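Participant: Sequence:
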Amino acid sequence: MASTADADRTRVDFWFDPLCPWTWMTSRWLTEVAALRPLDIRWHVMSLAILNEGRLDQVPQEYHDLLGPKGLRPVRTLVAVRQSHGNEAVARLYTALGAVFHRDGKGPTPEALTEALKSAELPTELAEHADATTYDAEVRASHEAGQKAVGEEAGSPILAVPGPDATPVGFFGPIVSPVPRSDAALSLWDTVVHAASVPGFAELKRARTAPPSFD
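The numbering of the sequence shown is this note's numbering, which starts it at 1 and goes up by one.
Please note that a few of the clues may not be correct.
Said to hold, decoys possible - Calculated lysine to aspartate or glutamate pairs in the EDC-like style (CA-CA distance at most 16 Å, straight line):
{"hint": "1", "residue 1": "Lys70", "residue 2": "Glu152"}
{"hint": "2", "residue 1": "Lys106", "residue 2": "Asp65"}
{"hint": "3", "residue 1": "Lys70", "residue 2": "Glu53"}
Stated by the list, open to error - With beta-carbon atoms standing in for the labels, derived distance ranges:
{"hint": "4", "residue 1": "Gly200", "residue 2": "Ala132", "range": "17 to 27 Å"}
{"hint": "5", "residue 1": "Ile175", "residue 2": "Asn87", "range": "17 to 27 Å"}
{"hint": "6", "residue 1": "Gly86", "residue 2": "Asp57", "range": "32 to 42 Å"}
{"hint": "7", "residue 1": "Glu153", "residue 2": "Ala132", "range": "25 to 35 Å"}
{"hint": "8", "residue 1": "Leu204", "residue 2": "Lys148", "range": "17 to 27 Å"}
{"hint": "9", "residue 1": "Glu203", "residue 2": "Val59", "range": "21 to 31 Å"}
{"hint": "10", "residue 1": "Ala202", "residue 2": "Arg11", "range": "18 to 28 Å"}
{"hint": "11", "residue 1": "Glu111", "residue 2": "Phe201", "range": "27 to 37 Å"}
{"hint": "12", "residue 1": "Asp104", "residue 2": "Ser197", "range": "35 to 45 Å"}
{"hint": "13", "residue 1": "Ala184", "residue 2": "Arg42", "range": "16 to 26 Å"}
{"hint": "14", "residue 1": "Ser187", "residue 2": "Arg11", "range": "16 to 26 Å"}
{"hint": "15", "residue 1": "Asp136", "residue 2": "Gly86", "range": "19 to 29 Å"}
Rather than coming from a laboratory, the hints here were simulated on the basis of the structure.
Owing to the predicted nature of the structure, the values given are computational and were not obtained by experimental measurement.
Note that the Cβ used here is the ideal one computed from N, Cα and C, for glycine as well.
Kindly produce the complete structure, drawing on both the sequences and the hints.
Facilitator: Here is the structure:
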């Protein structure tokens, strides 16, 4: 049974590929909002490697760690953490992975995953799942749930917020850099929620004007 405190929080579902730097920026905006508003964030993996299956030969070599088999290592580890430790542990590990991948510039190696697990105060042996197929069905199910939420093939991140009659409405994005803080973070959040309340709203986009800023 959900507590009264849980019932008072707004549910947000967030699908992410931990190797995507733009997704990391969006997630830090979302955690900023959660520090200021009562949100119940459900963290779900998606995989750009799965999204781009069969197309690896069409992308530059520099993206192969993100879109190739190595790109499955972090999401497999995150699903293993969810199975054994739950949603809050996924949030902790994602925060640690973001620091390792995006601030420190390390790739999805077993050593980097072990470092992140240790930082998140989780058993380091969970890194053993990175190159195993144990949870691949769960990884794909989570990925497909994100695609279903947004309604078509979409990249990372995917955000679902309450729409009309509290029905979840999924969007790709928002893409931000630098991370909005304080009032700016809340203003963007309110805009996203208002957009979700409009039944016919589908898309709003402009060119990215700055690279990801991890400060």
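Participant: It remains to establish, for every hint, whether it holds in the given structure.
Facilitator: Cross-check of the supplied hints:
1. A hinted pair counts as satisfied when its Cα atoms are at most 16 Å apart, and Lys70 with Glu152 does not qualify at roughly 25 Å.
2. Between Lys106 and Asp65, the direct Cα distance comes to roughly 11 Å. Compliance with the 16 Å bound is thereby established for this hinted pair.
3. With a CA separation close to 13 Å, the supplied pair Lys70 and Glu53 stays within the 16 Å bound.
4. Checking the proposed 17 to 27 Å range against Gly200 and Ala132 shows it is violated: the Cβ atoms sit about 45 Å from each other.
5. Between Ile175 and Asn87 the C-beta distance comes to about 24 Å, which sits within the given range of 17 to 27 Å.
6. A hinted range of 32 to 42 Å holds for the C-beta pair Gly86 and Asp57, which are about 38 Å apart.
7. Between Glu153 and Ala132 the C-beta distance comes to about 27 Å, which sits within the given range of 25 to 35 Å.
8. Under the hint 17 to 27 Å, the C-beta atoms of Leu204 and Lys148, about 21 Å apart, fit the expected range.
9. Between Glu203 and Val59 the Cβ separation comes to about 24 Å, which falls inside the hinted range of 21 to 31 Å.
10. For the hinted restraint 18 to 28 Å between Ala202 and Arg11, the CB-CB distance of approximately 22 Å keeps it satisfied.
11. For the pair Glu111 and Phe201, the supplied restraint of 27 to 37 Å is violated, since their beta-carbon distance comes to about 44 Å.
12. In this structure the supplied range 35 to 45 Å holds for Asp104 paired with Ser197, their Cβ-Cβ distance being about 39 Å.
13. Hint check: Ala184 to Arg42, Cβ distance near 24 Å, so the stated range 16 to 26 Å holds.
14. As the Cβ distance of Ser187 to Arg11 is approximately 21 Å, the hint placing it in 16 to 26 Å holds.
15. Checking the proposed 19 to 29 Å range against Asp136 and Gly86 shows it holds: the Cβ atoms sit about 20 Å from each other.
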